[in-house]
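Here the protein sequences come in this chain order: A and B. For the first sequence, my numbering assigns the number 1 to the initial residue and increments by one for each residue that follows. For the second sequence, my numbering assigns the number 335 to the initial residue and increments by one for each residue that follows.
Everything labelled a hint here was simulated from the structure, so no lab data went into it. Everything numeric in this text was worked out from a predicted model, so none of it was measured. No residue lacks a Cβ here, since even glycine has one placed at the ideal position from N, Cα and C.
Quick list of the computed label-pair ranges, beta carbon to beta carbon: (1) B:Arg470 with A:Pro327: 23 to 33 Å; (2) A:Gly227 with B:Ser610: 24 to 34 Å; (3) B:Ser415 with A:Gln193: 45 to 55 Å; (4) B:Glu418 with A:Ile119: 38 to 48 Å; (5) B:Arg639 with A:Pro327: 54 to 64 Å; (6) B:Thr351 with A:Pro240: 23 to 33 Å.
Each computed EDC-like pair below joins lysine to aspartate or glutamate, with the alpha-carbon atoms no more than 20 Å apart: (7) A:Lys241 with B:Glu418; (8) B:Lys368 with B:Glu506; (9) A:Lys241 with A:Asp229; (10) A:Lys295 with A:Asp68; (11) A:Lys241 with B:Glu417; (12) B:Lys474 with B:Glu462; (13) A:Lys241 with B:Glu416; (14) B:Lys457 with B:Glu469; (15) B:Lys368 with B:Asp537.
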Amino acid sequence: MTLAYLSRRVGMLLLIIFVAVTVNFMIARLMPGDPVENAINRLVAAGGGSVGNVQEIAAAYRAELGLDESVWKQYLAYWVNVFQFDFGTSLVHYPARVSHIIWAALPWTIGLLGIATVISFSVGILLGAALGWPGTPKFVKALVPVFLLTAAVPYFLIGMVLIFFVVVTYRVFPSGGGYTFGSELRADWPTVQSVFMHAVLPALSIILSSIGSWALGMRGMLISTLGEDYITLAQARGLPKTRIFLWYGVRNSLLPQLTALAILLGHAVSGAVLVEVIFSYPGLGFRLFEAINGKDFFVVQGIVLILAISIAVAMFALDLLYPLIDPRIRYQSR
Amino acid sequence: MTQPILQVSELKVYYHTSQGVVKAVDGVSFSLQKGEKFGLVGESGSGKTTTAMALMRLLNPPAFVEGGHITLNGRNLLALSEEETRRARGAEISLIPQGAMNSLNPVMRVRGHFHDTIGAHRKVSRGEDMSTTIERLLRKVGLPPDVANRYPHELSGGMKQRVIIAMSIALEPSVIVADEPTSALDVVVQMQVMATLDQVQKDLGAAVILVGHDMGLMAQFCDRIGVMYAGTLVEVAPVSQLFEDPQHPYTQLLISSLPDFETKGRFRGIPGLPPSLRALPPGCTFHPRCPKVLDRCKTVVPAYREIAPARWVSCHLYDGGAG
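Extracted from the complex, chain A is given alone in its bound form:
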């Protein structure tokens, strides 16, 4: 790996993060409506208090949140805060810090999405490779239409179907939440069990809906790889079938799939919003949904920024790893 390549990639990463932070800052300020007034109005409506001094209270809030400063000062302050991982205070859950909300939600999302994505990727790729190989038995190939169907059904629909059949009808798994409601999170066996049981259905709905696309993508890629000249020559050289399948076929078909996986793992941080909402799963997706509903724009900003940075970092990691798995791509600065 050349230093020039590395510094170029790091530079690119920093540039992406800079643009993400800036755009993130601007979009929130360009949104119509005043979030502080909205929040207070909502509080007032809920509490039934007087309406007269909303402006005053809002001004006080703005001063505390730094929203009365000039845009440039706010922008600079925003950068300072980003470096301190401080995204301000939630407006809906005042005075909870946004960073706390994010930190609390992040492990749930990474756990759920990470595991579900890795499972659906590995199983999907294996099945897809099997489906693309001419020697695979007919009954396995019957999976193709099944996958065509599941790949077309959105994951939240599968989630709802699962809730209906598994939760409502048979009561095997809990319907929502990250762990048993009201219990404390401890490092003991019942907690682990409860966390696992709560994760099964959301994970299953993600796996069921995405496994088909992985399998079909891999199948298509493998079929076109098997048409390459190097496969014909490998056969003519007398190589055993399994060697050709794994090291000539699958090995070459895997490369584009890994790119897709890296992008998806970057996205995983934002959670599968709808799945988390359906299962009331305490992950980032659920928080994002909640924050958008409540115009809690500090939280939205924080989550979107985390998402942008994690995708950028995932792509950065991929750029560093890719030359190791595909020798045609080299660590070149030009």
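Go by the hints and put chain B onto chain A.
Frame of chain A, contents of chain B only:
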């Protein structure tokens, strides 16, 4: 005459398509002596490559061998089990394919390709012996030993084709099938590659089947040439006799359509088009385009016969000395 090393008799390969049966190879017979260089020429779609692929038993559906025998070193290739076929490929009969640019696994070093080829047929030690073998093979085709550590994309087209030639001789097969090995290369590299092939063929004593349509290249390389038309061999002759005294009207037209300076600026081809392999004309398949067509050519399929020593023709002109 000694026992031929490869004997092909009445080979038939049909493609079963939804629009009907395509008779790509329809009764081809020829034989090869040890160390002989045999050329298969013909227009695109005349069945040359299909014949070559049938020899490697690399036909994929919808192509099927419908009949005939391929005898290699006394064994009928078409009767071998899948595992026996695999063992024969590369070790007894090897292939130098058309697409040199894309015939090596892009994620594998040249060394790995040799490991795979040799390891598929013999127990190999991963150590010194192997490196020496690879080095020796690369030197044989005129490549420096460090090529073993390169990836395919780091090699030029000519270098890749040399690597493939080196692999094709790694297990010292008795027959090498070279299917238009230089079609993707420029003339200079083409000549270098052909010289390499010629050299390793001499060293090894293997028989070579060279498939192609470059008559000049064929004339230079081959001992004997077989001319294919619409899935059949119309004429087989030693190379000098074929060029000096072609017998079959198709061969005559083919050779007279080669460009030369005396007829510069005038392009002579063969009038008409090759027939559809789905609906071959009755009788001789060449009769609609043949300038010397006889009445019986339109109904009776001409026999493939030896009209003079080592000269085989299928044409009614030579029926019982009548032509």
